[in-house]
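Asker: Residue numbers (the numbering used here), protein chains in the order written: chain A, 1 to 461; chain B, 1 to 461; chain C, 1 to 461.
No wet-lab data here; the hints were simulated from the structure.
Heads up, some of the hints might be wrong.
Identical chains blur together in the list; that is why a pair holds if it fits in one copy or across any two.
Lysine to aspartate or glutamate pairs mimicking EDC-like chemistry, simulated, CA-CA at most 20 Å apart [as the list claims (entries may be wrong)]:
| no. | residue 1 | residue 2 |
| --- | --- | --- |
| 1 | LYS426 | GLU438 |
| 2 | LYS297 | GLU441 |
| 3 | LYS349 | GLU440 |
| 4 | LYS297 | ASP266 |
| 5 | LYS297 | GLU440 |
| 6 | LYS297 | GLU438 |
| 7 | LYS426 | ASP385 |
| 8 | LYS227 | GLU28 |
| 9 | LYS150 | GLU457 |
| 10 | LYS349 | ASP228 |
| 11 | LYS349 | GLU457 |
| 12 | LYS227 | ASP110 |
| 13 | LYS349 | ASP110 |
| 14 | LYS150 | ASP176 |
| 15 | LYS230 | GLU28 |
| 16 | LYS225 | GLU457 |
| 17 | LYS225 | GLU322 |
| 18 | LYS225 | ASP266 |
| 19 | LYS225 | GLU440 |
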Amino acid sequence: MIHRKIIPALVLILLLSALPAMAVTNEENAEQIAAVQTALTFIWLLVAGALVFFMHAGFSLVEAGLTRTKNTANILMKNALTISLGILIYWAVGWGVMYGSSIAGLFGTDQFFLIGADNALWNSWFFQMVFAATGATIVSGAMAERTDFKAYLLFTVVMVAVIYPVYGHWVWSGADSALLSGGESFLVKLLGAEFHDFAGSGVVHSIGGFAALAGVIVVGPRIGKFKDGKAQAIPGHNLTMAFLGTFILMLGWVGFNGGSTLDGNDAYISLVVVNTFLAAAAGAVTAMLITWHRTGKPDPSLTANGILAGLVSITAPAGSVENWAAIIIGTVGGIVMLAGVFFNENRLKVDDPVGAIPVHAYCGCWGLLSVGIFSVGIGNGILADAAYAAGAPGLVYGGFSQLFIQIAGIILAFVWAFGVSFVLFKLIDAIVGLRVSEKEEIQGLDISEHGVNAYPEYIID
Amino acid sequence: MIHRKIIPALVLILLLSALPAMAVTNEENAEQIAAVQTALTFIWLLVAGALVFFMHAGFSLVEAGLTRTKNTANILMKNALTISLGILIYWAVGWGVMYGSSIAGLFGTDQFFLIGADNALWNSWFFQMVFAATGATIVSGAMAERTDFKAYLLFTVVMVAVIYPVYGHWVWSGADSALLSGGESFLVKLLGAEFHDFAGSGVVHSIGGFAALAGVIVVGPRIGKFKDGKAQAIPGHNLTMAFLGTFILMLGWVGFNGGSTLDGNDAYISLVVVNTFLAAAAGAVTAMLITWHRTGKPDPSLTANGILAGLVSITAPAGSVENWAAIIIGTVGGIVMLAGVFFNENRLKVDDPVGAIPVHAYCGCWGLLSVGIFSVGIGNGILADAAYAAGAPGLVYGGFSQLFIQIAGIILAFVWAFGVSFVLFKLIDAIVGLRVSEKEEIQGLDISEHGVNAYPEYIID
Amino acid sequence: MIHRKIIPALVLILLLSALPAMAVTNEENAEQIAAVQTALTFIWLLVAGALVFFMHAGFSLVEAGLTRTKNTANILMKNALTISLGILIYWAVGWGVMYGSSIAGLFGTDQFFLIGADNALWNSWFFQMVFAATGATIVSGAMAERTDFKAYLLFTVVMVAVIYPVYGHWVWSGADSALLSGGESFLVKLLGAEFHDFAGSGVVHSIGGFAALAGVIVVGPRIGKFKDGKAQAIPGHNLTMAFLGTFILMLGWVGFNGGSTLDGNDAYISLVVVNTFLAAAAGAVTAMLITWHRTGKPDPSLTANGILAGLVSITAPAGSVENWAAIIIGTVGGIVMLAGVFFNENRLKVDDPVGAIPVHAYCGCWGLLSVGIFSVGIGNGILADAAYAAGAPGLVYGGFSQLFIQIAGIILAFVWAFGVSFVLFKLIDAIVGLRVSEKEEIQGLDISEHGVNAYPEYIID
């Protein structure tokens, strides 16, 4: 029983590599090579998964930083419980619904509690699990500062158990009849291409963003957000946190997109990461320039959201577009985000304190669409060495079918996530109450829900 | 002399992989394969070690966040010096005591200053070094807000040079006669199994926690902590930091437990990481539910400590238990932590501002015990593809010997770490004074020890 | 089109590794081995690059923490835009100038917009890109609290497009005639050795620091920094952020130095990382002890800068010196930093709010010099298993030529970076104005440049 007894173990390895290997066969070598390739994939997905997990710290800081002091502890608790419940629920139910044996391409039906798991499955589960809780986190940001804690937890459980994994099943399960990506699916046959969402602009971000939209409609705006129908700015309490959170999210996206090759030996990971950073940069610069032009001053929190807009937008196309297209996608992402903020506040009249819906729902949709526009396609020699699962060529390269199925996927995402979430929030509201009382909201959720102050020593306005 | 001249280097690699390799032999291939396997382990331990290093940022934030503004700079300095001194001392002394040639299985006696080190040793040292300073960090949290800076540094030196590595030698050195894990050890012979502490519930956390217990007894409670024998709440100054620190620690645990396989080719790393996250989640949910039930409101800082409780608990058994057992271990860890807080404040009457002793000492012991209960054992077909160094089967699988040696290891950890630390703190108190003056404590250690304010512009209560 | 359909993919991998491989040849195996080696390098550089990227969060926090509340949003924006513009500019121009086909060893002339890139190039670009923006970030810290936002952005563009990559071309391009490292360079012929800067003490830190020195001279000190010619302390607003930033930077240096082997299969990465941490620790302890001795109290922000001083100093020699030398290098780095702060404030009378010039310019020079003193050289049996691109032996091992070329490299760095930056800042000052108005500076740049407060709810002095 040798464990942590590192010196002998390492000596052994070194001896093995130094000794003239005796009578090893080609086949034995080939097996060992395959084992190393698998091991490299496992390590890469663990590292990538760790980075994606850390995004929950990023979301916590962005959400806390962009809201008020009096609701900080509540936001931190919601985020901590989102990932904690997410881990348990995705282990018990979510994974099975997403990747279990398919019923008519609609949802999975086994592998609950990871029964019978082996090392490969644990590795896959870890990487998928850190994605699963993200959708609910998006919702927590949009509904911040007035939503009941218990109600939010109930929603999170259903989100991770059902809403996220069902749509995920349609796109990523690999089932022959999966609604959006199976060869046997009537939609795929009808539209002539498979839906392409490389790392989850749709599966993660649009689904989360549409659920958030349902949530903010049902829960209503914060007290004071609209005066005479006009949106009022309610500044967050800590920009440093918001920016640190944004940096953490950008770091996490190396794993989010880079890990989504699901293969550490796949050289084109590098293209994915490069496209990801180009789009993020373009989103930031765009948001800065537009706010500068419109208000005379470059706006910090919208610039930070510009980074996130670029990141969400490039998440679907990261592996199948050229660098210049990534920059366009990020630029348009920044514009979509800003337009979305304006649209939400002035047309929809919904209140989303951190801008989660523009960033995740709207830019997620743009990312999905952009696949149908900019994907290089396979076999035309462009990105020949790098393209992965590019789908059919996009508009720019003369194809139409990919754009059709991308639009179909967006519609399905909206109908499914917005629809189910809307009903669910109405149900939760009826049963436990979705919103805290007016008195509690004015007092702040930290005291009313948790009996604490996040910064008890500081005197605030 | 080619360095950073990346284009030629990469071209070379690519050429090599593209050219038809000439006259390569099986043996040459086998050597290359072994070299890649070693390289993958080196990379994994560097990455895992980097994540564990980052835990020092996590500890800094948890400790600073859960204490008062006036002692923040002092806490940051203690943490920064813990790792800085830790690096130098573990290089000069600690590693040699832990992994040098053994004297009767009690401690190592060479490899000081890493003399004669090669790449394998540097790699191992880096990963072990980032563990070594953690024990002292635990102590800094428990003794915060009243301990003399110089006294703490003196303790840290001895902790990293002697207290931590001697116990580590008994468990992880691989010496034949090592007290708790050597085949020649009388304890191992007597109890019929080797002590199993996969990643350090005992070696790191219990040792640190027991030293902290000795420290808080010798240094006494903060002014105002007990009134008429009743513990008073002294809220920390920044919950956002405490939660960010907790997220950083959870991230770090991917390396702490995952890296402890010491082999990047070991596929079961994935099981280790999955068990780690399941236990953390269970600890958080448990702490939240119990505080909710008892006080009517889910408590944020105890929930954060619930995450840490789950993480510490699963550190020993992570590689040798099934998923369901990991969830139980985390759940019980959450209970142990809460009971420990109650026990410390109401029975022992000790003052531990951040709850370090319940989290690290008590949950560490629970983690060690849980190995004797839930370890699957080897050769019974359970986790056959995944188990590593599982030890003898635990109670649940019909074994008793593993539980006995786990209890023996806990007793030894307590006697050694509490005993030596108690004497050491008494000595330090006699020589340089362990505690700051009453005036300095009331003023805050930032001003008295460092002449600065952590947040000089803010008006506080 | 299989993507994210992980179960089939993994099953395939496992089948491949389990099946008796049929009729595989030695040559096929050798190709596969080379492919895995390349894949490991790609993964390592992506991970290392991600850690270096995260250093931008570290710089943001150090700079924000060590300056005043009223300029925080401005600092965050500058850092976010530094990396965002850096990504786009280094993609369009900087990479080509640094690594494109050389004109007389002076600068590169193609590969702009990464035209024709393949996976290897994207991988290299990502790792180099995260370094490129660092130089400008150093400048943003030194010039904080009084520099116009637009002016800073203009400088950043030129820094990333020209100043950084030209010097980088001289050192790292691999061009035969590159000024400081090409075999055909007259300087190299004259001085008898190639300039050695393993990971950028000079290329990144001295260049950034010298540009910063030019900047602070042109922009002038903050209002109130000097009274009657005597430097006044202007404390930063948040030490916790400054320390968190320092921890993040130290984490990032694992990638910064460790990744600079540019080869995941190079076992000596471990020596690099160990030397890096030893030097950082020595720098911290040195700065703490000296400030303790001089003022009676160990100073927190100078201790944090001591960590950075050690890190910057070891960046050039990390791969070619013994452990004991790394400790000396870090120790001297701590002294150089403290002396540099004193020199800047009392002799040069320049104002550098975060101490960026001592840390990056002066310690960068010390790091470059230390190569000429402590490098073991190649072929003398010292570090035989570990040394990489050590250059000629340093003074300690009886060589002189390496020291001469290191001094030449420092002089060139100063002339180039200080000279060009000085002219550039003068130009920018003439065209758009380098400094905000007195009124804006007193009000704070957050309001005047961005129209926001970073912490709007808090009452400050």
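Asker: Indicate, hint by hint, whether the structure satisfies it.
Answerer: Structure-based check of all given hints:
1. LYS426 x GLU438: within (19 Å within a copy, 55 Å between copies)
2. LYS297 x GLU441: between (32 Å within a copy, 16 Å between copies)
3. LYS349 x GLU440: neither (23 Å within a copy, 36 Å between copies)
4. LYS297 x ASP266: Close neither inside one copy (43 Å) nor across copies (49 Å); limit 20 Å.
5. LYS297 x GLU440: Classified as between; 14 Å across copies, 36 Å inside a copy.
6. LYS297 x GLU438: between (35 Å within a copy, 18 Å between copies)
7. LYS426 x ASP385: Answer is neither: 50 Å inside a copy and 46 Å across each miss the 20 Å cutoff.
8. LYS227 x GLU28: Classified as neither: same-chain Cα gap 74 Å, cross-chain 72 Å, threshold 20 Å.
9. LYS150 x GLU457: Intra 28 Å, inter 28 Å, cutoff 20 Å: neither.
10. LYS349 x ASP228: For LYS349 and ASP228, only the intra-copy Cα distance (11 Å) is at most 20 Å; the inter-copy one is 56 Å.
11. LYS349 x GLU457: The answer is neither: 36 Å in one copy and 25 Å across copies each exceed 20 Å.
12. LYS227 x ASP110: Result: close neither inside a copy nor across copies, 51 Å intra and 57 Å inter.
13. LYS349 x ASP110: neither (42 Å within a copy, 51 Å between copies)
14. LYS150 x ASP176: Intra 39 Å, inter 55 Å, cutoff 20 Å: neither.
15. LYS230 x GLU28: neither (72 Å within a copy, 69 Å between copies)
16. LYS225 x GLU457: Classified as between: cross-chain Cα gap 17 Å, same-chain 28 Å, threshold 20 Å.
17. LYS225 x GLU322: neither (42 Å within a copy, 50 Å between copies)
18. LYS225 x ASP266: neither (48 Å within a copy, 54 Å between copies)
19. LYS225 x GLU440: within (16 Å within a copy, 30 Å between copies)
Checked against the numbered hints above, the structure violates hints 3, 4, 7, 8, 9, 11, 12, 13, 14, 15, 17 and 18; every other hint is satisfied.
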